[in-house]
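Each chain, written out:
Protein chains: 2
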Amino acid sequence: MTSNSTRERLVEAAIDLLHVHAYPAVGVQAICESAGVRKGSFYHFFGSKEDLAITAVDEAWARYRTLVVEPAIATGDPIPTAEAESPCLPGSADGGRVPHGCMFCRLAASVTEQEPRLQQRLGDLFGEWADMLGGGSEGWATLADLQGRLVIGFALPEGVTS
Amino acid sequence: MTSNSTRERLVEAAIDLLHVHAYPAVGVQAICESAGVRKGSFYHFFGSKEDLAITAVDEAWARYRTLVVEPAIATGDPIPTAEAESPCLPGSADGGRVPHGCMFCRLAASVTEQEPRLQQRLGDLFGEWADMLGGGSEGWATLADLQGRLVIGFALPEGVTS
Chain C
16 MTSNSTRERL VEAAIDLLHV HAYPAVGVQA ICESAGVRKG SFYHFFGSKE
66 DLAITAVDEA WARYRTLVVE PAIATGDPIP TAEAESPCLP GSADGGRVPH
116 GCMFCRLAAS VTEQEPRLQQ RLGDLFGEWA DMLGGGSEGW ATLADLQGRL
166 VIGFALPEGV TS
Chain L
16 MTSNSTRERL VEAAIDLLHV HAYPAVGVQA ICESAGVRKG SFYHFFGSKE
66 DLAITAVDEA WARYRTLVVE PAIATGDPIP TAEAESPCLP GSADGGRVPH
116 GCMFCRLAAS VTEQEPRLQQ RLGDLFGEWA DMLGGGSEGW ATLADLQGRL
166 VIGFALPEGV TS
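Heads up: the protein sequence lines correspond to chains C and L, in order. Start counting the first sequence at 16; every next residue gets the next number (our numbering). Start counting the second sequence at 16; every next residue gets the next number (our numbering).
None of these hints come from the bench; they were simulated from the model. Please note that a few of the clues may not be correct.
For chains that are exact copies, the list does not tell them apart, and a pair is met inside one copy or across any two.
To be verified - In silico SDA-like links for lysine to any residue, alpha-carbon gap of 20 angstroms or less:
1. Lys54 <-> Gln129
2. Lys64 <-> Glu143
3. Lys64 <-> Gly151
4. Lys54 <-> Val83
5. Lys54 <-> Glu85
6. Lys64 <-> Asp146
7. Lys54 <-> Asp66
8. Lys64 <-> Thr157
9. Lys54 <-> Ala87
10. Lys54 <-> Arg132
11. Lys64 <-> Pro39
12. Lys64 <-> Val52
13. Lys64 <-> Ala40
14. Lys64 <-> Met147
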């Protein structure tokens with residue numbers, strides 16, 4: 016395995032794990048085990064869990080933006096129901112479908128001021144997303160609608176029935 | 016200190032901590048330290064962290080519903096901007112104001128199927144809240160708007176500027 020692929024495996028493992036677990040629940044040890052990488056190698060590639068998480072957010076957002084957000088906006092409905100209920104990143108765990116998790120939403124709700132760079136990266140991402148959704152108060156409102164559906168979906172994995 | 020007040024202190028400590036940290040980041044040890052209760056006493060009152068969290072959700076929701084949700088609905092604007100940006104529970108840490116945290120939202124985004132009873136309690140709570148907001152798709156949409164603003168606020172604690 017080249018160094019490059021080791022790094023990529025760590026990033027993919029982080030994306031997969033952060034998609035379904037809150038930030039404090041995802042440890043470096045678990046990421047390394049999932050990636051099949053010795054823990055001693057981790058710090059050769061990343062200075063900290065926060066550094067890896069920022070790289071994972073960058074990578075996941077690049078995919079999600081291209082594969083989900085932009086096509087949804089192109090249809091004229093920026094909040095496709097299926098995506099809102101079942102957001103996913105192609106290439107991630109569970110055959111590309113992670114039914115009840117949104118990495119950005121979970122991260123935003125589980126990081127604190129103890130991870131200021133990761134928190135800011137998420138804030139910048141939300142700003143970019145809101146701009147894609149029309150910008151200004153309209154963009155933020157549409158994004159809030161989407162993020163809120165995701166949060167509710169976390170607590171109601173079977174979906175809303177009424 | 017009576018047993019009753021020991022139990023209450025554990026519940027208050029859990030509310031305070033779960034308001035600002037994700038569920039996996041709040042351990043029984045930290046709750047006991049915050050409450051000034053010996054860890055050995057914890058399991059006299061609660062079978063598990065999940066049991067305490069459910070009790071904390073019940074108590075916090077009873078207050079939040081009465082002190083924030085119902086008055087907001089009575090004004091005709093169920094999503095008062097100040098509350099959405101700065102939700103709080105009177106009586107909790109930081110003089111009653113916890114600027115950037117919503118316990119229910121954080122919990123929903125940080126519990127998993129490993130805490131099925133807590134997850135269901137949150138789902139029931141969201142259902143009750145949506146009913147209060149008009150029920151049906153309208154109630155869920157209004158609740159999603161509110162929860163989404165909270166999530167975005169977590170990543171942008173200084174607020175949205177554009």
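How the hints compare with the structure:
1. Lys54 <-> Gln129: So Lys54 and Gln129 fail the 20 angstroms test inside a copy (23 angstroms) and across (26 angstroms) alike.
2. Lys64 <-> Glu143: neither (24 angstroms within a copy, 38 angstroms between copies)
3. Lys64 <-> Gly151: neither (33 angstroms within a copy, 41 angstroms between copies)
4. Lys54 <-> Val83: neither (33 angstroms within a copy, 47 angstroms between copies)
5. Lys54 <-> Glu85: neither (37 angstroms within a copy, 51 angstroms between copies)
6. Lys64 <-> Asp146: Neither way: Lys64 and Asp146 sit 29 angstroms apart in one copy and 40 angstroms across, limit 20 angstroms.
7. Lys54 <-> Asp66: within (15 angstroms within a copy, 34 angstroms between copies)
8. Lys64 <-> Thr157: neither (31 angstroms within a copy, 36 angstroms between copies)
9. Lys54 <-> Ala87: Cα proximity of Lys54 and Ala87: none, with 39 angstroms in one copy and 50 angstroms across.
10. Lys54 <-> Arg132: Neither: 23 angstroms inside a chain and 34 angstroms across chains, both beyond 20 angstroms.
11. Lys64 <-> Pro39: Both ways: Lys64 and Pro39 sit 10 angstroms apart in one copy and 16 angstroms across, limit 20 angstroms.
12. Lys64 <-> Val52: within (14 angstroms within a copy, 32 angstroms between copies)
13. Lys64 <-> Ala40: Close inside one copy (12 angstroms) and across copies (15 angstroms); limit 20 angstroms.
14. Lys64 <-> Met147: Result: close neither inside a copy nor across copies, 29 angstroms intra and 41 angstroms inter.
In this structure, the earlier hints numbered 1, 2, 3, 4, 5, 6, 8, 9, 10, 14 are contradicted, and the remaining ones agree with it.
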